[in-house]
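Number of protein chains: 4
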Amino acid sequence: MQDRPHQDKTGKDAPRLNPENPPDFAVTRWFNTKTPISRDSLKGKVVLVHAFQMLCPSCVAHGLPQAQKIRQRFAEDQLAVIGLHTVFEHHKVMTAEALEAFIKEYRFSFPIGMDEPQGAGAPKTMQAYEMQGTPTFLLFDRKGRLRRHYFGRPDDMLLAAEIMALVIEPKAAKKEESIAIERILAATLLVPGHDHGHEHGHGHHHHDHADGCCGHDHDHGSCGG
Amino acid sequence: MQDRPHQDKTGKDAPRLNPENPPDFAVTRWFNTKTPISRDSLKGKVVLVHAFQMLCPSCVAHGLPQAQKIRQRFAEDQLAVIGLHTVFEHHKVMTAEALEAFIKEYRFSFPIGMDEPQGAGAPKTMQAYEMQGTPTFLLFDRKGRLRRHYFGRPDDMLLAAEIMALVIEPKAAKKEESIAIERILAATLLVPGHDHGHEHGHGHHHHDHADGCCGHDHDHGSCGG
Amino acid sequence: MQDRPHQDKTGKDAPRLNPENPPDFAVTRWFNTKTPISRDSLKGKVVLVHAFQMLCPSCVAHGLPQAQKIRQRFAEDQLAVIGLHTVFEHHKVMTAEALEAFIKEYRFSFPIGMDEPQGAGAPKTMQAYEMQGTPTFLLFDRKGRLRRHYFGRPDDMLLAAEIMALVIEPKAAKKEESIAIERILAATLLVPGHDHGHEHGHGHHHHDHADGCCGHDHDHGSCGG
Amino acid sequence: MQDRPHQDKTGKDAPRLNPENPPDFAVTRWFNTKTPISRDSLKGKVVLVHAFQMLCPSCVAHGLPQAQKIRQRFAEDQLAVIGLHTVFEHHKVMTAEALEAFIKEYRFSFPIGMDEPQGAGAPKTMQAYEMQGTPTFLLFDRKGRLRRHYFGRPDDMLLAAEIMALVIEPKAAKKEESIAIERILAATLLVPGHDHGHEHGHGHHHHDHADGCCGHDHDHGSCGG
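Protein chains in written order, with our numbering: chain A, 4 to 228; chain B, 4 to 228; chain C, 4 to 228; chain D, 4 to 228.
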């Protein structure tokens, strides 16, 4: 995709994502929350971000119901679940008003933010996190570091186990403690078709593709029904 | 609902739906078809109309996939499957352009028409057919008579059996032949919780409600997620 | 398979299945019925036979629940649904007593017969009908003729449509009437990957294989979990 | 139930289950393992035991596939998954030979033991662990202590999160460390309809009943299809 930060049109090298200190969310409007959410306001909690588009079939059928189920299973003071509407196609119709109606009809209860648009391409947070499409899940630890990035459909067991591990990891965990948790996760969770054994492991991508994902790698976004 | 034809604001009795000669579709724009579709152009085929809204959860999860599956199971020259976008809420965001993107992303292959809006309430075809909400299925015989009207989620077996019966009923069926088919259907298909034994049986309603239906019986439309 | 009737061990040509006059069921014991069932006692009704084994995963997960659902959707005086326990492997453990417990625990309500064993191979009815394994569905018309034979997992719409067509076909249908019904079915129902266009069409096989079917084509039976 | 250890027929008080030092498995035969499994041989691993009956519908449809999925998701050197065939009804037909055929056809890959029978009632391990029926899940920590007991259908997220927490808990965890883990679990995992807030929390029962469970609380076992 032409407008990724490290391939930007100016020819300059854009800064790559640093999972130890990832960028804040660029959100133009929030739903289901009285006060805007920032990465600072989330410090101390594990955070699951679900990036979706309301016209992405796999998000509607799988990603969003899964995020809602996680919201109902894990306590809010331990885990924040946040939706991020990352519109990279059909910009004219996936508006704030449309999203508001969508959230109302589907009765999602977690906060959902609109990723800041940047013209015709991927919105700002999506670009900054180098997301490849929707649905995407990002998982952050209590210190705000990006620990997991899934494009596609990670299953319930995988997400729940990784969330639980990060809930157990202390807020004041030293680097060695985080590495120890990552080593246990790498030794325990079998990801079919993937080498899961990164020792530091922050922010590495897993791509559990499935029909219905919407990618924006090409000139025009494309979804699979 | 205040704007139903037989309760219209003028105080005059509006004409009630006549299933033997039901009204034509009032469609402002068609997708997935080069030429507009009218009830005349469908004469000779059995016709299944699926009335939906793109922001109705039960339509997206159940009704539309079912219509698509019926399209793939039954031959086009015997059965026409037609979608009807009957917007009775969130009018500002369920536009033609939004519907076009929705159809593209979900890859529906059957013709879909936009029911003609009438201000803030139910659109014209929806009103004329006295639909109570979405999802709704209408089933017409080869002569264009309305034979079934379901609000909610009729199951695959029920729809397939009734479609097959109407496919078998000759185009030139005499009244007695149609009554005979209806008697067989009434004697054969068990509809849980409903008395199915109407002898003439045209256009009677079944309400197989389920979570996620969107009704417009009250002042404000309401969906269930 | 070595013990099929037309390849029997005596070297003589065994009679091939005649769908116009198929053999009676060879059943050693019936459950869920006070009186034994024969093809004579079923004359006048459409009949769906589901051949299964209690240790066949696809039968337990798909075939038997589908047969039960069909039982609940179609009236008993129009359609008979009959289970047939066709044990061609693990004979020692799939006994009458085991089957009785199985039927009780799963709460199947339709009559189920035990196909007459013939040593280590396929039982008598299974052999006579040239079944290839389980799950298998056989569909008979009101005259007792075999009209469909599916090995694997035909879907709900296909079975319901074909059952409905045979329910509509008169008990005293002349040959031309039956051919007309078959022509309509062939013109209407699209069977993915199969040529469905047989004019007389009795007893032709469809193989909608799927994981979990148990076949007995080889020296030893094999199932897929 | 009359044959529970603390209500035994001799009138003597039977020993109640001690989750800190639960009894060993009484198994008469093992499948899918070359060497018998004892609680000693499992020390150091987290252990998930799934108690089932091959004629229990909910075990076949839910419990066993879930156990198999857990086996495929978690590494064997961190988590042992063990099936336990706890026959408390239909003893004559749920034999070793029947179980062997069942395991083969369903392709379960984890070790499965036959709980030692005790006449017509619940088998020995089932009784010692005070199980109420099938499906039941028992979860043990690396020290061999019983930490969870579910009768019914705990969901994938709940089981995966609790397994992961026990995988993280060190083998040489001091009592305070285990209590800390339990406190985090109690503060994090929301169990609908249950007070999950036990501080020490070993071996407390959750009953996530669902249709198809088989209970043995009454004179005669009963399943629900």
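A hint or two may mislead.
[Said to hold, decoys possible] In silico BS3-like cross-links for lysine-lysine, where the CA-CA straight-line distance does not exceed 25 Å:
no. : chain 1 : residue 1 : chain 2 : residue 2
1   : C       : Lys127    : B       : Lys177
2   : B       : Lys95     : A       : Lys107
3   : D       : Lys174    : A       : Lys174
4   : D       : Lys146    : D       : Lys178
5   : C       : Lys146    : C       : Lys95
Keep in mind that the hints were calculated from the coordinates and are not lab data.
We went through each hint and held it up to the structure:
A threshold of 25 Å between alpha carbons decides the hint, and for Lys127/C with Lys177/B the separation of about 47 Å lies outside it, so the pair is violated. Among the hinted pairs, Lys95/B with Lys107/A is consistent with the structure: their alpha-carbon atoms are about 15 Å apart, no more than 25 Å. Restraint check for Lys174/D and Lys174/A: satisfied, since their Cα atoms lie roughly 23 Å apart, inside the 25 Å limit. Our distance criterion of 25 Å between C-alpha atoms is met by Lys146/D and Lys178/D, whose separation comes to about 11 Å.
Straight-line distance between C-alpha atoms of Lys146/C and Lys95/C comes to about 37 Å, which puts the hinted pair past the 25 Å bound.
When each numbered hint is compared with the structure, violations occur for hints 1, 5.
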